[in-house]
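Protein chains in written order, with the working numbering: chain A, 9 to 284; chain B, 9 to 284; chain C, 9 to 284; chain D, 9 to 284; chain E, 9 to 284.
These are calculated hints, taken from the structure and not from any lab test.
The model shown is predicted, which means the values in this text are computed figures rather than measured ones.
Don't take each hint at face value.
Since copy identity is lost for identical chains, a pair holds within one copy or between any two.
Unchecked claim - DSS-like mimics (lysine-lysine), calculated; alpha carbons at most 27 Å apart, straight line:
(1) K274 to K84
(2) K178 to K203
(3) K274 to K151
(4) K203 to K184
(5) K151 to K84
(6) K151 to K184
(7) K178 to K274
(8) K155 to K184
(9) K203 to K274
(10) K203 to K155
(11) K184 to K274
(12) K84 to K203
(13) K274 to K155
(14) K84 to K184
(15) K155 to K84
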Amino acid sequence: MHDPRVPETLEGWSVLHQMFRVRWREWEALGESDRDRRAREAAEVLAGMQQGAEGSTVPVTMLGHKGDLLLIHFRKDFEALQAAQLAVARLGLAPFLEATTSFVSIVELGLYEMTGRIHQRLAGQGLEPGTEEFEAAFDAEMKEQEKRVSGRLWLEPPARRHVCFYPMNKHRGEAKNWYAEPFAERGRMMLEHGKIGRHYAGRVNQIISGAIGFDDWEWGVDLFADDPVVFKKLIYEMRFDEASVWYGEFGPFYTGLQFSPSELPKYLAGAVPALQ
Amino acid sequence: MHDPRVPETLEGWSVLHQMFRVRWREWEALGESDRDRRAREAAEVLAGMQQGAEGSTVPVTMLGHKGDLLLIHFRKDFEALQAAQLAVARLGLAPFLEATTSFVSIVELGLYEMTGRIHQRLAGQGLEPGTEEFEAAFDAEMKEQEKRVSGRLWLEPPARRHVCFYPMNKHRGEAKNWYAEPFAERGRMMLEHGKIGRHYAGRVNQIISGAIGFDDWEWGVDLFADDPVVFKKLIYEMRFDEASVWYGEFGPFYTGLQFSPSELPKYLAGAVPALQ
Amino acid sequence: MHDPRVPETLEGWSVLHQMFRVRWREWEALGESDRDRRAREAAEVLAGMQQGAEGSTVPVTMLGHKGDLLLIHFRKDFEALQAAQLAVARLGLAPFLEATTSFVSIVELGLYEMTGRIHQRLAGQGLEPGTEEFEAAFDAEMKEQEKRVSGRLWLEPPARRHVCFYPMNKHRGEAKNWYAEPFAERGRMMLEHGKIGRHYAGRVNQIISGAIGFDDWEWGVDLFADDPVVFKKLIYEMRFDEASVWYGEFGPFYTGLQFSPSELPKYLAGAVPALQ
Amino acid sequence: MHDPRVPETLEGWSVLHQMFRVRWREWEALGESDRDRRAREAAEVLAGMQQGAEGSTVPVTMLGHKGDLLLIHFRKDFEALQAAQLAVARLGLAPFLEATTSFVSIVELGLYEMTGRIHQRLAGQGLEPGTEEFEAAFDAEMKEQEKRVSGRLWLEPPARRHVCFYPMNKHRGEAKNWYAEPFAERGRMMLEHGKIGRHYAGRVNQIISGAIGFDDWEWGVDLFADDPVVFKKLIYEMRFDEASVWYGEFGPFYTGLQFSPSELPKYLAGAVPALQ
Amino acid sequence: MHDPRVPETLEGWSVLHQMFRVRWREWEALGESDRDRRAREAAEVLAGMQQGAEGSTVPVTMLGHKGDLLLIHFRKDFEALQAAQLAVARLGLAPFLEATTSFVSIVELGLYEMTGRIHQRLAGQGLEPGTEEFEAAFDAEMKEQEKRVSGRLWLEPPARRHVCFYPMNKHRGEAKNWYAEPFAERGRMMLEHGKIGRHYAGRVNQIISGAIGFDDWEWGVDLFADDPVVFKKLIYEMRFDEASVWYGEFGPFYTGLQFSPSELPKYLAGAVPALQ
């Protein structure tokens, strides 16, 4: 049943963020040819994960102590994510990677406006929620939408140098509670929230994924930009947004530089790897 | 004494969730025949834990860093759970498993409607709570209920691919407090909450277990589905529920793929294990 | 000075809860005769700690990952607790025990009713708090009480199979604050709270200890029962209690099976140890 | 400028609390003569830290898992604290000590009454805050105070057996906020708070140190007593205090037995060390 | 678009705080000449990081267990920060450093007054926010400002002995919420806040950096002073400030002594290193 309180969502890639600390000390203790061999194997495996329609994997070298290496896997389903996780676990490099954290989610488009419009249209046709007719008509509309936005559900990761990832919740407090707000109010606030993002169009790309039922936060946000100051300006401005002021709860922030899989050996030899 | 503020509960399986990280690095360092032997022994022990009336054990390969392997043990009592825990601790595989977390609980049916009805019926018979007659009559009614629902208390774990586990509490805040709500209000909210679940009937199976007195959250929820998106849709929809909006507190979420014990060696050799 | 806002307390055993994880992997790596020797030594030391008037030590095998072995030491004072802690630290078994957590407290009887009654009685005699006469009379009354309840201050640990331990606080919030409630209100709530406990008399034994000044929670609660479902029912029912609804804050819960010291070698060899 | 909202403080010893777990397992693995040598060296270094005017170091054997050994260093400044920290880090015993936590602070006297009185007196002389004259007069008054109380700023640690340490904050909540209370209200509450302490005079000694700008809590409290029950009674009684009810936030509590440096070898050989 | 709710910010150095624990035990186990060689190499690398226009690195020996060594890297961009992080990770000293935490940020000037003034001035010229003219004029004004304050954006780290670092947030609560306050109110509070800082001019230097989008707190604060008591006095006084009372949330505090790179070998040999 399509519950009129709930914004419809459309789903795309299954996503796994894996954060690793590099055990530099033990890595350095290996002989050079051994390091070379393992680095090249890992680079090849990562390069092989750039498979277009089957998904891709984005490598990021991170700033700070939360991790050195972030891998963002986009895959068709959880089976394929599990396969990616196992493939990484079995690299010759794996003994030198220590998992510090992770995030499991599915790329998601939340459709406040569209949901409201479909409910109105079907009501205008005299259909009632919960009836077979209503539900079938609603499903048909959603299928239509899905086709229209499939490019955003199954997108290619943006080839920009700087990456910012953070998870977030909508606040469910005793006084301020997102889920207790009427649908129209939530829709209005999300619309206003989206407008700020649009001022930054061209300077930043954003991927939202839903994690309810999969991980400890409700959503994950990935931002990609050429200049990292854009992350700070954008998120600071959004903080003055009604939706964020009262309802935005933010988890840890992870920041780093995207690079090309072929640069991995360079990185493991101590140089900042490039994005080609 | 049957306290009219307290919904009666019926109890079934004792349950232990064990989350483990696989020490891949040390596992890989073993010789192949040694790995084979340990993997086969573990697979046999797990297979031997599928004992029907004595209980069963569900193996799950997990996504993300919170653990690689989840074992869900269903047993007749805590003695048998302890035996299962010790049996796992002494596997040849055990030195390569690192316990990351766990959850101790007992399968539970919370009976808001039934409790209300029995109190009414006995009041209608002129019986008063606390009197011997009342208590005996109440106990007899509960015994009857227990027979009726024993299939749900002592169920077989659903053979579905995707598994989602999370613990939860009912909020006890300064303004919003589940335990301060009148019985009838709580009953009404739980009824509405249950209705959402029923929209998903056929697509998801749910096992609720009670952990008050045993672990750090009040309840544990296990969901089983063929398609993991169902977890996201169901839990998101429930979040708009009055019982969840104000009173639902959710712990960490664990997600993965159920597999057959006989597939364990395949998993330990790096392939995604199947559910047969 | 006896402050009329403060319920008097009487103190008995000093108590140390020690939770340990067994390093099964390293334990198994020992030769069999070495394990035997260390297990027997540990069993003897634990058995020697059952000294009646000098105190005793309760061994518990725990469910879940928070620990495998719980030792509850009851001693005459902190000097003797420290000696017990050092004795355990120096067992041949100690290198295979990893301390996961602990709790330091003193068995305590909180005397709301009695405190109120003594204040009234002395006021009736025209004595005023703070005067030497009042204080001496009060102290004399307390000495009397102490004799009367010494059996509960210096009790033998109940020989029941299932054990549940948890720490707790009284809430000190901005709106609801236990310590801001008038003495009479607190007394009334504690009385009602105690009544629930009495419905479970015979099925469960309870030891309350005070930890203010010693550990991170205000009190510790140990429950002993033949059937662990009783823990769940009792604590769930209490949660609807006014004192718990608004003021009860509960820490982590630890659950397990009490066993006899002589069964320790059996446990360390992988079998569920018995309580004889 | 002397801000009339802010109580003046006077500063004495710089203080470093260091909590260590003893790696008993690795310590025991040393040969006896090696242990002897390292234990004697550590005892000598600790004994050498009892330097009167230069400061002193208090060794405490702790109850529970938060640490085995607590060292409280009192020194003239941060340079000398850093030297003490390095001296401990380089002991032959150091490889067998694992730092579990620490606390950095400076002994502090908070002068609510005095601050109010000086402001009044200078106002009575027609001086205005912020003027050069006012500030100079104020500074002169404070110098005077400092001489008067220097014994409490540069005290010798009390030679009592039982030690209790905990950090604390004043609550800064949305409804109750210490720093939003008028100076006079805060002064009144602190006065009342101090009175409870005075009922325990003779039975307990207290050292307050300020940690704002140095560590994660605003103050640290060290209590010293012959009987540890006094800690429980005192802190419980204070909890009913207006200043504590609404504004007292307490961190972890650490408890143990003070001992003489010369007893360290005895302790490291497994016996409870004495305070001589 | 220049949103009138948002204070403009100007950005300077990219900053990475790295906190390390020294593995003294393993360091001491090295041969003396090996230690010498590694210490000298590390000292040379750190000295080479003092590159003026390219940035610099401040070494600090820390008090307490949160870390022994703090390195504060100031660089032109994230590429250069990543290079600094990799350079440290590959020192011969690196295997003896364990990262305990870190902080990623960019030096920031928040311009409440200026933002308000520019908005007013452009309004006075009849320009409207969002129009091309307005935005261009605003950008031009900001460029002007940037030149004027570039000395504060690209400053040299102050050569003072004592260092204090802490991260902070502006509170976003259900009742008190910084981001819901009108621009003018926020501006007024920040002005008052700044005045306290000015009373301490000459005695303390302060560097503010913004971490929104980069790390888990919104800002980082570095203070430098000759006398550490100044940190305590300043931060205590600020706590009575309206902006701090209701909106200041403070993270962990880190304290230590700045030293010269050339003193590193002395430090690693156990002596307190000097600032030359």
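Taking the hints in turn, this is what the structure says about them:
| no. | hint | verdict |
| --- | --- | --- |
| 1 | K274 to K84 | between (30 Å within a copy, 22 Å between copies) |
| 2 | K178 to K203 | both (18 Å within a copy, 24 Å between copies) |
| 3 | K274 to K151 | neither (45 Å within a copy, 38 Å between copies) |
| 4 | K203 to K184 | both (23 Å within a copy, 26 Å between copies) |
| 5 | K151 to K84 | within (18 Å within a copy, 47 Å between copies) |
| 6 | K151 to K184 | neither (34 Å within a copy, 40 Å between copies) |
| 7 | K178 to K274 | neither (41 Å within a copy, 41 Å between copies) |
| 8 | K155 to K184 | neither (36 Å within a copy, 43 Å between copies) |
| 9 | K203 to K274 | neither (40 Å within a copy, 50 Å between copies) |
| 10 | K203 to K155 | within (24 Å within a copy, 31 Å between copies) |
| 11 | K184 to K274 | neither (49 Å within a copy, 49 Å between copies) |
| 12 | K84 to K203 | neither (30 Å within a copy, 31 Å between copies) |
| 13 | K274 to K155 | neither (41 Å within a copy, 38 Å between copies) |
| 14 | K84 to K184 | neither (37 Å within a copy, 41 Å between copies) |
| 15 | K155 to K84 | within (16 Å within a copy, 45 Å between copies) |
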